[in-house]
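I would like the entire structure built from these sequences, with the hints used as guidance.
Residue numbers (this note's numbering), protein chains in the order written: chain A, 1 to 549; chain B, 1 to 236.
Hints may be right or wrong, so weigh each one.
Claimed, not checked - For lysine-lysine, the following DSBU-like pairs were computed, each having C-alpha atoms within a straight-line distance of at most 35 Å: (1) A:K239 <-> B:K31; (2) A:K239 <-> B:K126; (3) B:K31 <-> B:K133; (4) B:K133 <-> A:K239; (5) B:K131 <-> A:K239; (6) A:K495 <-> A:K510; (7) A:K344 <-> A:K495; (8) A:K18 <-> A:K344; (9) A:K75 <-> A:K158; (10) B:K198 <-> B:K131; (11) A:K158 <-> B:K133; (12) B:K31 <-> A:K18; (13) A:K510 <-> A:K18; (14) A:K344 <-> A:K510; (15) A:K510 <-> B:K31; (16) A:K239 <-> A:K75; (17) A:K158 <-> B:K198; (18) A:K158 <-> A:K239; (19) B:K126 <-> A:K158.
As the list claims (entries may be wrong) - Examples of chain B residues toward chain A, derived with CB under 7 Å: (20) L36; (21) I40; (22) F48; (23) L52.
Since the hints were made in silico from the structure, they are not lab data.
The beta carbon of each residue, even a glycine, is placed where N, CA and C say it ideally should be.
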Amino acid sequence: MATAAVAPPVERENYLNKHYGVWSWLLTTDHKRISLLYLVSITFFFFIGGLFALLIRLELLTPAGDLVQADTYNKLFTQHGMVMVFFFLIPSIPAVLGNFLVPLMIGAKDLAFPRINLLSWYLYIIGGAMMLHCMLTGGVDTGWTFYVPFSTAFTNTKIVEAGLAIFVAGFSSILTGLNFIVTIHRMRAPGMTWSRLPLFIWAHYATSIIQILGTPVIAITIVLVAAERALHLGIFDPKLGGDPLLFQHLFWFYSHPAVYIMILPSMGIISEIIACFSRKRIFGYSFVALSSISIAVFGFLVWAHHMFVAGISVYAALIFSILSYAVAVPSAVKVFNWTATLYKGSIRYDAPMLYAFGFLGLFTVGGLTGLFLAALGLNVHVTDTYFVIAHFHYIMVGGAVMGYLGGMHFWWPKISGRMYPESWARLAALIVFIGFNLTFFPQFILGYVGMPRRYYQYPPEFQVLNVLSTAGATVLGVGYLLPMIYFLWSMRYGKPAPDNPWNAAGLEWKTPSPPTTFNFEQEPVVTWEAYNYEELDAPQHRQEAPVAR
Amino acid sequence: MPDNSVAVVPSTAHHDNPALLHHFASEQQQKDSADLGMWIFLATEVMFFGGLFCAYLIYRRWYYGDFAAASSSIDAALGGTNTAVLICSSLTVVLAIWAAQTARRTLLIVMLILTMLFGCVFLGIKAKEYKDKFDEHHVPGASFSFEHQPIPGHPGEYANPVHAEIFFALYFVMTGLHALHMIIGLGIFTWLLWASWKGRFTPEYHTPLEVGGLYWHFVDIVWIYLFPLLYLIDRH
Numbered sequence: 001m002a003t004a005a006v007a008p009p010v011e012r013e014n015y016l017n018k019h020y021g022v023w024s025w026l027l028t029t030d031h032k033r034i035s036l037l038y039l040v041s042i043t044f045f046f047f048i049g050g051l052f053a054l055l056i057r058l059e060l061l062t063p064a065g066d067l068v069q070a071d072t073y074n075k076l077f078t079q080h081g082m083v084m085v086f087f088f089l090i091p092s093i094p095a096v097l098g099n100f101l102v103p104l105m106i107g108a109k110d111l112a113f114p115r116i117n118l119l120s121w122y123l124y125i126i127g128g129a130m131m132l133h134c135m136l137t138g139g140v141d142t143g144w145t146f147y148v149p150f151s152t153a154f155t156n157t158k159i160v161e162a163g164l165a166i167f168v169a170g171f172s173s174i175l176t177g178l179n180f181i182v183t184i185h186r187m188r189a190p191g192m193t194w195s196r197l198p199l200f201i202w203a204h205y206a207t208s209i210i211q212i213l214g215t216p217v218i219a220i221t222i223v224l225v226a227a228e229r230a231l232h233l234g235i236f237d238p239k240l241g242g243d244p245l246l247f248q249h250l251f252w253f254y255s256h257p258a259v260y261i262m263i264l265p266s267m268g269i270i271s272e273i274i275a276c277f278s279r280k281r282i283f284g285y286s287f288v289a290l291s292s293i294s295i296a297v298f299g300f301l302v303w304a305h306h307m308f309v310a311g312i313s314v315y316a317a318l319i320f321s322i323l324s325y326a327v328a329v330p331s332a333v334k335v336f337n338w339t340a341t342l343y344k345g346s347i348r349y350d351a352p353m354l355y356a357f358g359f360l361g362l363f364t365v366g367g368l369t370g371l372f373l374a375a376l377g378l379n380v381h382v383t384d385t386y387f388v389i390a391h392f393h394y395i396m397v398g399g400a401v402m403g404y405l406g407g408m409h410f411w412w413p414k415i416s417g418r419m420y421p422e423s424w425a426r427l428a429a430l431i432v433f434i435g436f437n438l439t440f441f442p443q444f445i446l447g448y449v450g451m452p453r454r455y456y457q458y459p460p461e462f463q464v465l466n467v468l469s470t471a472g473a474t475v476l477g478v479g480y481l482l483p484m485i486y487f488l489w490s491m492r493y494g495k496p497a498p499d500n501p502w503n504a505a506g507l508e509w510k511t512p513s514p515p516t517t518f519n520f521e522q523e524p525v526v527t528w529e530a531y532n533y534e535e536l537d538a539p540q541h542r543q544e545a546p547v548a549r
Numbered sequence: 001m002p003d004n005s006v007a008v009v010p011s012t013a014h015h016d017n018p019a020l021l022h023h024f025a026s027e028q029q030q031k032d033s034a035d036l037g038m039w040i041f042l043a044t045e046v047m048f049f050g051g052l053f054c055a056y057l058i059y060r061r062w063y064y065g066d067f068a069a070a071s072s073s074i075d076a077a078l079g080g081t082n083t084a085v086l087i088c089s090s091l092t093v094v095l096a097i098w099a100a101q102t103a104r105r106t107l108l109i110v111m112l113i114l115t116m117l118f119g120c121v122f123l124g125i126k127a128k129e130y131k132d133k134f135d136e137h138h139v140p141g142a143s144f145s146f147e148h149q150p151i152p153g154h155p156g157e158y159a160n161p162v163h164a165e166i167f168f169a170l171y172f173v174m175t176g177l178h179a180l181h182m183i184i185g186l187g188i189f190t191w192l193l194w195a196s197w198k199g200r201f202t203p204e205y206h207t208p209l210e211v212g213g214l215y216w217h218f219v220d221i222v223w224i225y226l227f228p229l230l231y232l233i234d235r236h
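Right, dumping it as structure tokens:
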């Protein structure tokens with residue numbers, strides 16, 4: 001097979017080689033460079049969070065608490081959660097792939113507010129540095145949820161500092177969401193109507209709504225916790241007339257929708273990948289688009305399903321249970337439309353598609369067990385067990401991270417201008433899928449038979465499943481290290497990527513790989529529908545060669 | 001479908017207005033983006049204060065009498081004056097924007113100075129109120145004291161100091177965050193004043209004034225809600 005684009009003898013100017021030097025990166029306002037700044041920093045935090053996960057799994061290898069002490073274990077799972085949620089999962093896809101792709105996909109030269117975009121990266125870094133400092137000087141032991149009154153009146157760990165770190169990182173998230181919404185409203189190229197937007201854009205639009213409306217609520221909650229802890233106010237302290245449940249309501253008002261901040265962008269990626277590697281227009285475009293919006297809306301109405309055993313009224317619990325079932329509908333709409341897109345498609349099994357398949361299976365398991373948990377009776381039975389842990393890792397790791405990795409592979413040629421090694425990538429996708437299931441499937445069983453979360457020792461009869469889980473975590477770790485290694489390798493030794501290696505639809509593929517600083521030489525004019533693969537593959541439109549390996 | 005293009009030179013053709021940033025196609029697009037950006041930011045602010053209002057409403061319902069007693073101890077005359085001051089400042093903001101639209105540079109500068117003056121008066125009165133509360137030991141903390149304070153409308157009944165302390169905690173957090181927003185607003189208006197002095201704003205281009213004005217109005221509106229909720233519980 002001929003290579004589609006022979007590498008030109010002189011490297012053409014692009015956003016990577018236009019300027020050199022540290023300041024050209026640290027003071028850049030180019031959304032693509034900021035995206036890479038984020039990529040480096042969130043990868044760093046991903047490995048920090050992963051290190052905590054590894055230590056947790058090592059401790060749980062044996063029933064006795066023998067590797068770390070109970071206090072240390074409490075800090076390990078707390079820091080694992082805080083780092084992974086606030087410093088990896090929430091910024092991951094929007095700040096890296098969204099930052100890179102939103103302007104490219106809608107035909108804009110940059111986000112609407114490039115300087116605010118850079119500011120949000122600095123806020124992320126400041127928050128991250130505070131979190132690192134907090135962890136290195138003692139950490140927090142309350143769990144990532146820092147429930148009151150334990151966090152305000154009892155623990156001696158660094159609640160205020162960790163809270164402020166999350167507060168600052170939260171503003172980074174708000175500014176990213178604000179930037180995306182304005183960009184999607186105001187910066188679309190002529191002809192890029194709402195019904196022609198890629199579903200990746202719809203997903204990011206819905207995500208941004210949650211970011212701007214949810215994040216301020218956790219910000220004010222953190223302010224209140226910090227004030228209460230520092231000044232001994234009584235807002236959440238039952239001894240002083242305060243209400244600890246109010247904290248949980250405010251906390252989950254953000255932190256439940258935050259799950260959709262993690263999963264919605266991933267769903268956007270899956271829509272892109274499945275359409276491209278099935279060579280079909282996505283089935284039910286408008287339903288997939290609007291399901292993103294309705295997930296964002298419904299996502300705000302289900303928070304109290306985290307509080308079924310906390311002492312809310314049965315009536316309130318019933319309402320929240322029903323609403324939680326309702327949020328499954330738009331999620332199922334997506335899954336069914338993706339599978340319908342696969343039907344009679346010309347399917348190719350490149351690495352991004354393998355991740356998309358992995359996402360479909362794992363998200364389905366995660367979503368369906370979410371329905372178990374939305375059921376009041378069963379929820380009481382498995383609350384605070386490993387069943388819950390397994391469920392939300394299927395969504396956040398099996399869903400969000402699989403989508404993130406799929407997207408990184410799909411757009412890596414565009415980002416770096418180089419192809420990644422395909423066979424290694426397929427192997428890594430397989431390892432991630434196997435490692436993931438081995439890690440978390442046993443936890444469903446563990447939870448169902450009664451192993452509680454957040455304990456560092458357990459009865460010996462749980463050991464076999466725990467050993468399986470720890471073994472799986474090791475495999476998963478290898479699966480995550482591999483892409484990191486071959487992506488770095490490909491930056492130097494990978495084959496130069498053609499402009500459109502997948503023969504994909506979408507404006508981002510009409511730019512050079514890697515794109516120039518201002519993305520488009522001329523403002524593009526869009527005259528076609530999204531995912532017009534049937535049209536693209538029709539003989540008169542066939543380009544010289546669709547693939548380069 | 002159009003061919004893939006190899007970009008050589010980024011286009012810079014449309015840039016004859018220095019205020020138009022490179023990635024916008026037109027002045028109108030840039031202005032619309034800035035306006036929408038500020039409106040969305042204000043939506044986040046609504047949610048930010050919303051959490052506090054939610055906490056306030058719950059405790060006010062639970063501890064109505066104690067809240068009414070605590071509310072009566074703050075000076076409604078000072079709070080009312082501050083409300084009037086802020087409403088005047090919103091008027092001067094609107095006049096400033098009108099002055100920019102009609103190319104009256106001196107009036108623009110005067111109105112901006114007046115706005116900032118009103119803002120400073122507000123903060124000064126606020127500081128006086130805080131000092132009074134401090135002197136009366138009504139600041140939550142170790143030296144807090146709210147003994148034998150009658151509940152309005154219930155002769156012979158006294159407020160529970162523990163619950164009154166929650167009122168004062170919310171009072172200081174809510175008015176404190178509002179004051180912080182005022183200070184940020186003064187910072188923004190200092191910059192607007194400087195830019196107006198330099199003659200940056202024209203009838204065609206005065207987006208920063210409009211966006212800064214939106215922010216100022218929002219902070220005013222927060223106070224319009226805070227004043228009756230905090231100062232006027234059960235006052236007749």
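Hints, verified against the model:
Taken as a hint, the K239 (chain A) and K31 (chain B) pair is broken in the structure, with Cα atoms around 52 Å apart against an allowance of 35 Å. As the CA atoms of K239 (chain A) and K126 (chain B) are separated by approximately 31 Å, the hinted pair is consistent with the 35 Å bound. A C-alpha spacing of about 44 Å is found between K31 (chain B) and K133 (chain B), which places the hinted pair above 35 Å, so the restraint is violated. With a C-alpha separation of about 24 Å, the suggested pair K133 (chain B) and K239 (chain A) falls inside the 35 Å cut-off, and the hint holds.
With a C-alpha separation of about 28 Å, the suggested pair K131 (chain B) and K239 (chain A) falls inside the 35 Å cut-off, and the hint holds. This hinted pair checks out: K495 (chain A) and K510 (chain A) have alpha carbons roughly 19 Å apart, not beyond 35 Å. Taking the CA atoms of K344 (chain A) and K495 (chain A), the gap is near 32 Å; set against the 35 Å cutoff, the hint holds. Between K18 (chain A) and K344 (chain A) the alpha-carbon distance is near 44 Å, which puts this suggested pair outside the 35 Å criterion.
Taking the CA atoms of K75 (chain A) and K158 (chain A), the gap is near 11 Å; set against the 35 Å cutoff, the hint holds. Using a Cα cut-off of 35 Å, the hinted pair K198 (chain B) and K131 (chain B) is violated, with the two alpha carbons roughly 39 Å apart. The suggested pairing of K158 (chain A) with K133 (chain B) holds, with an alpha-carbon distance near 31 Å, which does not exceed 35 Å. With a CA separation close to 29 Å, the supplied pair K31 (chain B) and K18 (chain A) stays within the 35 Å bound.
The suggested pairing of K510 (chain A) with K18 (chain A) holds, with an alpha-carbon distance near 20 Å, which does not exceed 35 Å. Pair hint K344 (chain A) plus K510 (chain A) holds up; C-alpha atoms about 27 Å apart against a cutoff of 35 Å. For the proposed pair K510 (chain A) and K31 (chain B), the alpha carbon gap of about 29 Å is at most 35 Å, so the pair holds. At roughly 26 Å between alpha-carbon atoms, K239 (chain A) and K75 (chain A) fall within 35 Å of each other, so this suggested pair holds.
The suggested pairing of K158 (chain A) with K198 (chain B) is violated, with an alpha-carbon distance near 48 Å, which exceeds 35 Å. Using a Cα cut-off of 35 Å, the hinted pair K158 (chain A) and K239 (chain A) holds, with the two alpha carbons roughly 22 Å apart. For the proposed pair K126 (chain B) and K158 (chain A), the alpha carbon gap of about 33 Å is at most 35 Å, so the pair holds. Checking L36 (chain B) against chain A by beta carbon gives a least distance of about 5 Å; that is within 7 Å, so the hint holds.
For I40 (chain B), the suggested interface contact is upheld, since its CB lies about 5 Å from the closest CB of chain A, less than 7 Å. A least Cβ separation of about 4 Å between F48 (chain B) and chain A falls short of the 7 Å threshold, and the interface hint therefore holds. For the restraint placing L52 (chain B) at the interface with chain A, the shortest Cβ-Cβ distance is roughly 6 Å, inside the 7 Å limit, so the hint holds.
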